[in-house]
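Peer 1: Chain by chain, the residues run as shown.
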Amino acid sequence: MKILVPIKRVVDYNVRVRVKSDGSGVETEGVKMSINPFDEIALEEALRIKEAGKAEEVIVCSIGGKDCQQQLRTGLAMGADRALHVVTDDEIQPLAAARALLKLVEKEDPKIVFLGKQAIDDDCNQTGQMLAALWQRPQATFASKVDLDGDTATVTREVDAGLETLEVDLPAVLTSDLRLNEPRFVKLPDIMKAKRKPLEEIALAELGVDAGPSLRMTAFEPPPKRSGGRMLESVQELVDELKNKGLL
Amino acid sequence: MTSILIIAQHEDGTLNPATAKTLSGALRLDAEAIDVAVFAEPGSIVAGQAAKLDGIRRVIAVEGDGFKHPTAARLAPEVASLAADYSHVFGPSTTFGKDLMPRAAALLGVNQVSDIQEVIDARTFKRPIYAGNAIVTVQVPDDATVVATIRGASFSAAPDGGDDAEIDTRSATVEDSGHTRFVRLETGGGDGPDLQTADRVVSGGRALGSAENFQLIYGFAEKMGAAVGASRAAVDAGYVPNELQVGQTGKIIAPELYFAIGISGAIQHLTGIKDAGTIVAINKDSEAPIFEIADYGLVGDLFEVVPELEKLV
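Residue numbers (my numbering), protein chains in the order written: chain A, 1 to 248; chain B, 1 to 313.
No wet-lab data here; the hints were simulated from the structure.
Note that the structure is predicted; figures quoted are calculated from it, not measured.
One thing to keep in mind: the hints can contain errors.
Derived EDC-like pairs: lysine to aspartate or glutamate, alpha-carbon spacing no greater than 16 Å straight-line [to be verified]:
1. A:Lys107 - A:Glu57
2. A:Lys2 - A:Glu108
3. A:Lys225 - B:Glu292
4. A:Lys243 - B:Glu256
5. A:Lys103 - A:Asp210
6. A:Lys145 - B:Glu310
7. A:Lys145 - B:Asp275
8. A:Lys145 - A:Asp121
9. B:Lys126 - A:Asp123
10. A:Lys145 - A:Glu206
11. A:Lys243 - B:Glu310
12. A:Lys111 - A:Asp89
13. B:Lys126 - A:Glu206
14. A:Lys245 - B:Glu256
15. A:Lys111 - A:Glu167
16. A:Lys54 - A:Asp67
17. A:Lys54 - A:Asp123
18. B:Lys311 - A:Asp240
19. A:Lys2 - A:Asp149
20. A:Lys107 - A:Glu201
21. A:Lys111 - A:Asp169
22. B:Lys68 - B:Asp168
23. B:Lys52 - B:Glu222
24. B:Lys52 - B:Asp176
25. B:Lys284 - A:Glu233
26. A:Lys32 - A:Asp147
27. A:Lys54 - A:Asp81
28. B:Lys126 - A:Glu167
29. A:Lys2 - A:Glu91
30. A:Lys2 - A:Glu106
31. A:Lys245 - B:Asp199
32. A:Lys50 - A:Asp81
33. B:Lys311 - A:Glu237
34. A:Lys2 - A:Asp109
35. A:Lys103 - A:Glu206
36. A:Lys145 - A:Glu44
37. A:Lys225 - B:Asp275
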């Protein structure tokens, strides 16, 4: 069985993102880029499934410009067997991503497509669900635990009310939440080894994907600032302040 | 013409307040008609609750077996088929809506506008990106159905209690494929107010040090009539269950009064509380980032401050 793990190149988790002064976008020039952390968790889980003998091959894929091959190489260094790079310089929105991924699914026939629940740049939280819809297969989103048994996956999901468990027939789309696992660190010899693993380039145009009606981003702005308030000296003072404001 | 379909969320025979908040967002659009779709088991009382919401034209009650715990796979085709009569389909930005709405959007061949926090006009919205570090204005093209989720923390619940809207009861039209099966739902089972909608929230962080010590937070919250929340660090450490997590990847909340106790204030936590009315921070470390956004800060040992506070309130 194959597992396909789509990964997205995003501004690193630790970078404090700034809106450009002219409001045309977010400053990404010279900023550290990484695999979207949720995708990294998805990849880790796929690798653990393979290491447990329940999958034969883990394939990472990404859609974007040349630069995203860095993240694909990192994925290979983590342990993925090979990589697919759907090459495009266009901005890709979730529907186009899902339609492109469906083409890869048709080509590779994976039993599981494991994605992060959302990308930490656009915070859309859509692509996995969209792929499942187009593929007409089950989805188990926000997974914090995955058990495989033959052609079924039992998935615990982090939902607002607590933990929901779903049973889905494979093939299926799974998306990872934070507590699913802690991704491994990549070791230097693995980075060297990853350079020799296969990475196939496919032009997005070749896949014949209709991007659909795209949303237009017309302006970017920093969030309104919450100004810090006052430091108080005692519990009594705090209680008095809250009472004055009518909060107690 | 703007006509909006709202997808209701409900659990255990009760309409979730996120539905009224979604309606509140929809009411900003100046729509000709707003309908609410309730997917429930035959005979459910939820449609009747939805009918009480003010400002809606009708409730479409879609009844189906297995709609007690419906999955996104089951509901998305139903939503997509109802959507043909509307220019907009809105759902709540809860795990229910986040799971379901993109699946429906894909069937309709459109991108979704996730987490609307402000309505500019019928096709233009503001939403947070980069964990709330930037706000983008998004425009949906004229020929596309607007599928969106509404961020509850940005809208107060629309009122109810006026005349009941009519209820149009229908049967589910799409066969259950059976490939996705609900097994169970485990809830932490706290008796206190619901974290997502509570007026007051008391949250604890890693500084509590253990699940036993977290009882201090539960005790103070009970005295305050507040819901209990937690930072990601406290959840990761196993002090409290996941559903109490407040922050970018947990719940985004907007209580009138928020206590952050022993929480340093990582950006992802701050994202979850920045719409709160008044934020009180209690922390041993005077340099903790939480003090940069708190309305009232108190530097001190929480194990001394909280019991004293509990006595005085």
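Peer 1: Indicate, hint by hint, whether the structure satisfies it.
Peer 2: Now the hints, each set against the structure:
1. A:Lys107 - A:Glu57: 14 Å, holds
2. A:Lys2 - A:Glu108: 8 Å, holds
3. A:Lys225 - B:Glu292: This hinted pair holds, its Cα atoms lying about 10 Å apart.
4. A:Lys243 - B:Glu256: Status holds; Cα separation ~13 Å.
5. A:Lys103 - A:Asp210: 12 Å, holds
6. A:Lys145 - B:Glu310: Violated: A:Lys145 and B:Glu310 sit about 38 Å apart, past 16 Å.
7. A:Lys145 - B:Asp275: Since the Cα atoms of A:Lys145 and B:Asp275 sit roughly 31 Å apart, the hinted pair is violated (cutoff 16 Å).
8. A:Lys145 - A:Asp121: 25 Å, violated
9. B:Lys126 - A:Asp123: Status holds; Cα separation ~13 Å.
10. A:Lys145 - A:Glu206: This hinted pair is violated, its Cα atoms lying about 36 Å apart.
11. A:Lys243 - B:Glu310: 14 Å, holds
12. A:Lys111 - A:Asp89: Status violated; Cα separation ~29 Å.
13. B:Lys126 - A:Glu206: The hint is violated at about 34 Å.
14. A:Lys245 - B:Glu256: Given that 16 Å is the threshold and the Cα spacing comes to 11 Å, the pair holds.
15. A:Lys111 - A:Glu167: 15 Å, holds
16. A:Lys54 - A:Asp67: 32 Å, violated
17. A:Lys54 - A:Asp123: 31 Å, violated
18. B:Lys311 - A:Asp240: At roughly 13 Å apart (the allowed maximum being 16 Å), A:Asp240 and B:Lys311 satisfy the hint.
19. A:Lys2 - A:Asp149: Since the Cα atoms of A:Lys2 and A:Asp149 sit roughly 15 Å apart, the hinted pair holds (cutoff 16 Å).
20. A:Lys107 - A:Glu201: Distance ~14 Å between A:Lys107 and A:Glu201 Cα, so the pair holds.
21. A:Lys111 - A:Asp169: Holds - the C-alpha atoms of A:Asp169 and A:Lys111 are around 10 Å apart, at most 16 Å.
22. B:Lys68 - B:Asp168: Given that 16 Å is the threshold and the Cα spacing comes to 19 Å, the pair is violated.
23. B:Lys52 - B:Glu222: Given that 16 Å is the threshold and the Cα spacing comes to 31 Å, the pair is violated.
24. B:Lys52 - B:Asp176: 30 Å, violated
25. B:Lys284 - A:Glu233: 13 Å, holds
26. A:Lys32 - A:Asp147: Violated, at about 35 Å.
27. A:Lys54 - A:Asp81: Given that 16 Å is the threshold and the Cα spacing comes to 15 Å, the pair holds.
28. B:Lys126 - A:Glu167: Cα-Cα ~36 Å, so violated.
29. A:Lys2 - A:Glu91: 28 Å, violated
30. A:Lys2 - A:Glu106: 12 Å, holds
31. A:Lys245 - B:Asp199: 15 Å, holds
32. A:Lys50 - A:Asp81: 10 Å, holds
33. B:Lys311 - A:Glu237: Answer holds: B:Lys311 to A:Glu237 is near 14 Å, not above 16 Å.
34. A:Lys2 - A:Asp109: Distance ~7 Å between A:Lys2 and A:Asp109 Cα, so the pair holds.
35. A:Lys103 - A:Glu206: Status holds; Cα separation ~10 Å.
36. A:Lys145 - A:Glu44: 12 Å, holds
37. A:Lys225 - B:Asp275: 11 Å, holds
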